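Residue strings, one per chain:
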Amino acid sequence: GAVVSQHPSWVICKSGTSVKIECRSLDFQATTMFWYRQFPKQSLMLMATSNEGSKATYEQGVEKDKFLINHASLTLSTLTVTSAHPEDSSFYICSAQDILNTGELFFGEGSRLTVL
Amino acid sequence: EDQVTQSPEALRLQEGESSSLNCSYTVSGLRGLFWYRQDPGKGPEFLFTLYSAGEEKEKERLKATLTKKESFLHITAPKPEDSATYLCAVGGNTGRRALTFGSGTRLQVQP
Numbered sequence: 001g002a003v004v005s006q007h008p009s010w011v012i013c014k015s016g017t018s019v020k021i022e023c024r025s026l027d028f029q030a031t032t033m034f035w036y037r038q039f040p041k042q043s044l045m046l047m048a049t050s051n052e053g054s055k056a057t058y059e060q061g062v063e064k065d066k067f068l069i070n071h072a073s074l075t076l077s078t079l080t081v082t083s084a085h086p087e088d089s090s091f092y093i094c095s096a097q098d099i100l101n102t103g104e105l106f107f108g109e110g111s112r113l114t115v116l
Numbered sequence: 001e002d003q004v005t006q007s008p009e010a011l012r013l014q015e016g017e018s019s020s021l022n023c024s025y026t027v028s029g030l031r032g033l034f035w036y037r038q039d040p041g042k043g044p045e046f047l048f049t050l051y052s053a054g055e056e057k058e059k060e061r062l063k064a065t066l067t068k069k070e071s072f073l074h075i076t077a078p079k080p081e082d083s084a085t086y087l088c089a090v091g092g093n094t095g096r097r098a099l100t101f102g103s104g105t106r107l108q109v110q111p
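Protein chains in written order, with our numbering: chain L, 1 to 116; chain Y, 1 to 111.
Treat the hints as calculated values from the structure; they're not laboratory data. Note that the structure is predicted; figures quoted are calculated from it, not measured. By construction, the Cβ of each residue, glycine as well, lies at the ideal position given by its N, Cα and C atoms. One thing to keep in mind: the hints can contain errors.
Taking CB as the label site, the calculated pair distances span [unchecked claim]: (1) L:ASP65 x Y:SER24: 35 to 43 Å; (2) L:SER54 x Y:GLU1: 20 to 28 Å; (3) Y:GLU55 x L:GLY16: 45 to 53 Å; (4) Y:ALA77 x L:GLU63: 46 to 54 Å.
Stretch-level coverage of chain L by chain Y, calculated; a stretch enters the list once three of its residues show a Cβ under 8 Å from a Cβ in chain Y [claimed, not checked]: (5) 38–44; (6) 109–116.
The shape of chain L in the complex, shown without the other chains (with noise of 0.2 Å):
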């Protein structure tokens, strides 16, 4: 099956430092990635779309200055983190659908960040 691929999938970082976290699909085209963020024991909340060659749309409450995504090819979307803070600290998973082939939904192995 298609495979998502995330990485790193842990970084511990310095408070106010930033982070990038990378989500490639590797046998399949994605004109869309989602991004989603998950707390211990809690759901997927969705962050924002990534699209390709256009910009991102982020969810309501979703600061788009804090979190950078850039979705520069069909294959690789970025989220940036930017001076991250401990209530940044949170397991960030990717996702990308492959649209031309069986519409499904496949996700990455997600990204720990733990900032101190």
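Based on the hints, put chain Y in the right spot on chain L.
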């Protein structure tokens, strides 16, 4: 606004003890209802997509069913390796392509 409610929040079964997980939903035109399995510290793993009421899908010990208001994930004779969180999600026809997720059911199967 699409909404998904899963129950129970947690479920503990003995190996071989069959049971069902519930997913109730409200959506503006169902594009699809999805079941995922999530292991701790991992991303969700796709299990099933159901598109219309009355549809059923099976995979090994799992069977998913769909009505106009809810979906069930039936687990027959579960094994310890079935322990995971099972997530239900819906996609609507509002133009929003992202899925709306329920909070999941944490399943623990004891040997």
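Quick rundown of the hints versus the structure:
1. L:ASP65 x Y:SER24: 35 to 43 Å: 37 Å, holds
2. L:SER54 x Y:GLU1: 20 to 28 Å: 25 Å, holds
3. Y:GLU55 x L:GLY16: 45 to 53 Å: With a Cβ separation near 50 Å, GLU55 of chain Y and GLY16 of chain L satisfy 45 to 53 Å, so the hint holds.
4. Y:ALA77 x L:GLU63: 46 to 54 Å: Since the Cβ atoms of ALA77 of chain Y and GLU63 of chain L sit about 48 Å apart, the hinted range of 46 to 54 Å holds.
5. 38–44: holds (count 4)
6. 109–116: holds (count 3)
The structure shown violates none of the earlier numbered hints.
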